[in-house]
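Participant: Starting from the given sequences, assemble the full structure and let the hints guide the process.
Number of protein chains: 2
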Amino acid sequence: MTFGIVVFDQVEELDFIGPWEMLTMWSKYFKGPEQCLIVAQRAGPVTCAKGLSVNPHVAFEQCPALDFLLVPGGSGTRREVDNPVMTRFVAEQARHCRAVLSVCTGSFVLQAAGLLAGRRATTHWGSLARLRELPEVTVVEERFVRDGPIWSAAGVSAGTDMMLAFIADQAGAAVAGQVQSAAEYYPLPIRYDDFDKSARAPGYLKRASD
Amino acid sequence: MTFGIVVFDQVEELDFIGPWEMLTMWSKYFKGPEQCLIVAQRAGPVTCAKGLSVNPHVAFEQCPALDFLLVPGGSGTRREVDNPVMTRFVAEQARHCRAVLSVCTGSFVLQAAGLLAGRRATTHWGSLARLRELPEVTVVEERFVRDGPIWSAAGVSAGTDMMLAFIADQAGAAVAGQVQSAAEYYPLPIRYDDFDKSARAPGYLKRASD
Numbered sequence: 044m045t046f047g048i049v050v051f052d053q054v055e056e057l058d059f060i061g062p063w064e065m066l067t068m069w070s071k072y073f074k075g076p077e078q079c080l081i082v083a084q085r086a087g088p089v090t091c092a093k094g095l096s097v098n099p100h101v102a103f104e105q106c107p108a109l110d111f112l113l114v115p116g117g118s119g120t121r122r123e124v125d126n127p128v129m130t131r132f133v134a135e136q137a138r139h140c141r142a143v144l145s146v147c148t149g150s151f152v153l154q155a156a157g158l159l160a161g162r163r164a165t166t167h168w169g170s171l172a173r174l175r176e177l178p179e180v181t182v183v184e185e186r187f188v189r190d191g192p193i194w195s196a197a198g199v200s201a202g203t204d205m206m207l208a209f210i211a212d213q214a215g216a217a218v219a220g221q222v223q224s225a226a227e228y229y230p231l232p233i234r235y236d237d238f239d240k241s242a243r244a245p246g247y248l249k250r251a252s253d
Numbered sequence: 044m045t046f047g048i049v050v051f052d053q054v055e056e057l058d059f060i061g062p063w064e065m066l067t068m069w070s071k072y073f074k075g076p077e078q079c080l081i082v083a084q085r086a087g088p089v090t091c092a093k094g095l096s097v098n099p100h101v102a103f104e105q106c107p108a109l110d111f112l113l114v115p116g117g118s119g120t121r122r123e124v125d126n127p128v129m130t131r132f133v134a135e136q137a138r139h140c141r142a143v144l145s146v147c148t149g150s151f152v153l154q155a156a157g158l159l160a161g162r163r164a165t166t167h168w169g170s171l172a173r174l175r176e177l178p179e180v181t182v183v184e185e186r187f188v189r190d191g192p193i194w195s196a197a198g199v200s201a202g203t204d205m206m207l208a209f210i211a212d213q214a215g216a217a218v219a220g221q222v223q224s225a226a227e228y229y230p231l232p233i234r235y236d237d238f239d240k241s242a243r244a245p246g247y248l249k250r251a252s253d
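Residue numbers (the working numbering), protein chains in the order written: chain H, 44 to 253; chain X, 44 to 253.
Read the hints as simulated data drawn from the structure, not as lab findings. Take these hints with a grain of salt, some might be off.
Copies of the same chain look alike in the list, so a pair counts if it fits in one copy or across any two.
[Stated by the list, open to error] Taking lysine-lysine pairs in the DSS-like style, the calculated list, with each CA pair at most 30 Å apart, reads:
(1) Lys-74 x Lys-249
(2) Lys-71 x Lys-93
(3) Lys-74 x Lys-93
(4) Lys-240 x Lys-71
(5) Lys-249 x Lys-93
(6) Lys-93 x Lys-240
(7) Lys-74 x Lys-240
(8) Lys-71 x Lys-249
Facilitator: Next up, the structure:
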């Protein structure tokens, strides 16, 4: 099995490296996908939204057929939704993928590639209204949502939660538990302010604080 | 203010990019440190423990005096504790740092640099016993611990929690709350297995499940 994660200039760092960490723990220690690839349109360094520079493993033209594809978000998605090379790559790979996942504003790239028609999906709380303006998508305010083979997560750090749930779906809860303990993913439940009471808070956060 | 994060071959990806995301959200949007740098012994790509390739911003010799320094973990720390160029860099920068932080097995590098003498510190649950064998460190089983200017976090994902607490300490809870909502860092409290009941579970996790 091959799992590809797409990157592009101004991709948000944690959007893809949170899922990457869970994915590669699964791959390396618990029989997850043999090949995990960072994929970009072209070879050469990619500068992320907050200034981290990463080197993709493979360019679109050399990318093998993927079994799983994840599209992260970041300010660069505002450009990538209008990049036909990107949307074509995502649409064509998606045809033979068992699942396609997005994090944060990566869902806008899935939409531009035609993958959200008639589907439920989500994004960063600050972009929910913008996603609602797009045709044929049913926007939900969950930490992440699965609709058939399409998974989408809320903002930035939500991709980590989604990837653990995805592992549980693919390999069972016991394997997800092993990945969780390997990554010591037992976050503290601290909230530093009362954003959960704000009108702008996503539904899942409001409901959790009720 | 300048915040440096050290990387090295086989550094664990999320160990440094979890904190990096919180740090750079703070820096970019909420008046955190102006300069955030990924620092390595030499210029050129660094291959992380799970295969991600990153390009440091600056090599040790060109690195400015840092106000804050973070040392992540990963299997590469087993080599770096015996690398005098690394331990000297950490020790010398630490002299003028306001705070030095570690994640996961990064605490072994702090110890090798002489920074944990008489201090409380922690590491990944799988390395607690090994840290206890080292002289002069008081090992605690917390998600993260602060002892004066030295902060250390438990494994991999714990660095993200530590960095938010560090931001709250430096800039106040309101700023930490803004970073938290920007990164949508409201993780789900799901546990996929009963590792918290295991003898090997770290103390903070056992206590949370009591």
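Participant: State for each hint whether it applies.
Facilitator: Checked hints:
1. Taking identical chains as interchangeable, the C-alpha atoms of Lys-74 and Lys-249 lie at most 30 Å apart only when they sit on different chains, with a minimum of 28 Å there against 37 Å within one chain.
2. In this assembly of identical chains, Lys-71 and Lys-93 lie within 30 Å of each other by CA distance both inside one copy and across copies; the values are 28 Å within and 8 Å between.
3. For the identical chains of this complex, Lys-74 and Lys-93 are inter-copy neighbours only, at 14 Å across copies versus 32 Å inside a copy, given an alpha-carbon limit of 30 Å.
4. Only between protomers do Lys-240 and Lys-71 lie at most 30 Å apart by alpha-carbon distance; the minimum there is 25 Å, versus 40 Å within a single protomer.
5. For the identical chains of this complex, Lys-249 and Lys-93 are intra-copy neighbours only, at 28 Å inside a copy versus 36 Å across copies, given an alpha-carbon limit of 30 Å.
6. In this assembly of identical chains, the alpha carbons of Lys-93 and Lys-240 lie at most 30 Å apart only when taken from the same copy (28 Å versus 38 Å across copies).
7. Proximity of Lys-74 to Lys-240 under the C-alpha cut-off of 30 Å is restricted to the inter-copy arrangement: shortest distance 24 Å between copies versus 42 Å within a copy.
8. Taking identical chains as interchangeable, the C-alpha atoms of Lys-71 and Lys-249 lie at most 30 Å apart only when they sit on different chains, with a minimum of 27 Å there against 37 Å within one chain.
In the structure shown, no violation is registered for any of the earlier numbered hints.
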